[in-house]
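J.: Numbering-wise (my numbering), the sequence shown opens with residue 119 and increments by one.
Source of the hints: derived by calculation from the structure; they are not laboratory data. These numbers come from a predicted model, not from an experiment. Mixed in with the good hints, there may be bad ones.
Pair ranges (Cβ atoms, derived) [unchecked claim]:
id, residue 1, residue 2, range
1, T184, T252, 20 to 26 angstroms
2, R240, R191, 26 to 32 angstroms
3, R257, S126, 21 to 27 angstroms
4, I255, T224, 30 to 36 angstroms
5, R257, S235, 31 to 37 angstroms
6, E254, R145, 29 to 35 angstroms
7, V193, L244, 30 to 36 angstroms
8, F137, T224, 37 to 43 angstroms
9, I255, D172, 20 to 26 angstroms
10, Q206, T135, 36 to 42 angstroms
11, E158, R240, 20 to 26 angstroms
12, G249, D151, 33 to 39 angstroms
We put the CB at the ideal spot given by N, CA and C, even for glycine.
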Amino acid sequence: MISEVTVSVPPKMADETFFLFARAADRVLKATDRLLAPFEICHRHYSVLLLIADDEEWSQTRLAKTMGLQKTRMVALIDMLESKGLIQREPNANDRREYKVILTETGKRTVKEIRSSFNKQRPSYLRELSGAETQEINRLLGRTIGPAVCQNDL
Numbered sequence: 119m120i121s122e123v124t125v126s127v128p129p130k131m132a133d134e135t136f137f138l139f140a141r142a143a144d145r146v147l148k149a150t151d152r153l154l155a156p157f158e159i160c161h162r163h164y165s166v167l168l169l170i171a172d173d174e175e176w177s178q179t180r181l182a183k184t185m186g187l188q189k190t191r192m193v194a195l196i197d198m199l200e201s202k203g204l205i206q207r208e209p210n211a212n213d214r215r216e217y218k219v220i221l222t223e224t225g226k227r228t229v230k231e232i233r234s235s236f237n238k239q240r241p242s243y244l245r246e247l248s249g250a251e252t253q254e255i256n257r258l259l260g261r262t263i264g265p266a267v268c269q270n271d272l
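My request is simple: use the sequences and hints to build the entire structure.
T.: Listed below in C-alpha cells is the structure:
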C-alpha cells in the first residue's frame, strides 16, 4: 500500500486561489499517476482515452485543442497509445487530411478497468469529499477551464 503524506494549507494561504489550484493540481496528478501506473500510462494518456471512449468523432487536432496541447505533443501521445494497442487511427471519410482516433477493443477494456480501479480505490484527493461536493468541484472546475483558452497555454 502506498503511504500518503498529509500536508495542511498554511492559514495565510487559505485565500490564495493560485496556491490552492497549484497544490490541488499537483496532488491530483501525482495520485492519478500512481493509480495509472499498473496500466503503464499517465494522466495525459488517460485523458485522451476518456475523451475518445464515448465519442468516435475525435481527430488529433480536436484532441489537441480540447486538451490545450500543441499538435506535435498530441501526435506523440497518440503514437504511444497506438504502440500499446489502445487506440488506432482511421481515415476520416469527410476529410482525407485527418484521421479519426478511436479505441481498440483492448483500449475499451483498459478504460473500463481503470474506471473500475478508480471507483474501488477512490483517489486520495477525493476521499474527504461527499458526492455532492465532488460534483460541485467538477462544475466549478469546468467553468474555470471552459471554452476560452489562452494562446500561451497551447
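J.: Look at each hint and say if it fits the structure.
T.: Now the hints, each set against the structure:
Separated by about 22 angstroms at the C-beta atoms, T184 and T252 satisfy the suggested range of 20 to 26 angstroms. Between R240 and R191 the CB atoms are about 30 angstroms apart, so this pair conforms to the stated range of 26 to 32 angstroms. Range check, R257 to S126: about 26 angstroms between beta-carbon atoms, so the 21 to 27 angstroms window is met. Roughly 32 angstroms separates the CB atoms of I255 and T224, a value that falls within the hinted 30 to 36 angstroms.
Between R257 and S235 the Cβ separation comes to about 25 angstroms, which falls outside the hinted range of 31 to 37 angstroms. Distance hint check for E254 and R145: the Cβ-Cβ separation is about 18 angstroms, which falls outside the suggested range of 29 to 35 angstroms. For the hinted restraint 30 to 36 angstroms between V193 and L244, the CB-CB distance of approximately 32 angstroms keeps it satisfied. Taking the beta carbon of each, F137 and T224 are about 40 angstroms apart, inside 37 to 43 angstroms as hinted.
A C-beta distance of roughly 21 angstroms is found between I255 and D172, which places it inside the suggested range of 20 to 26 angstroms. Between Q206 and T135, the C-beta spacing of about 41 angstroms keeps the proposed range 36 to 42 angstroms intact. Checking the proposed 20 to 26 angstroms range against E158 and R240 shows it holds: the Cβ atoms sit about 22 angstroms from each other. At roughly 24 angstroms, the beta carbons of G249 and D151 sit outside the given window of 33 to 39 angstroms.
When held up to the earlier numbered hints, the structure conflicts with 5, 6 and 12 and fits the remainder.
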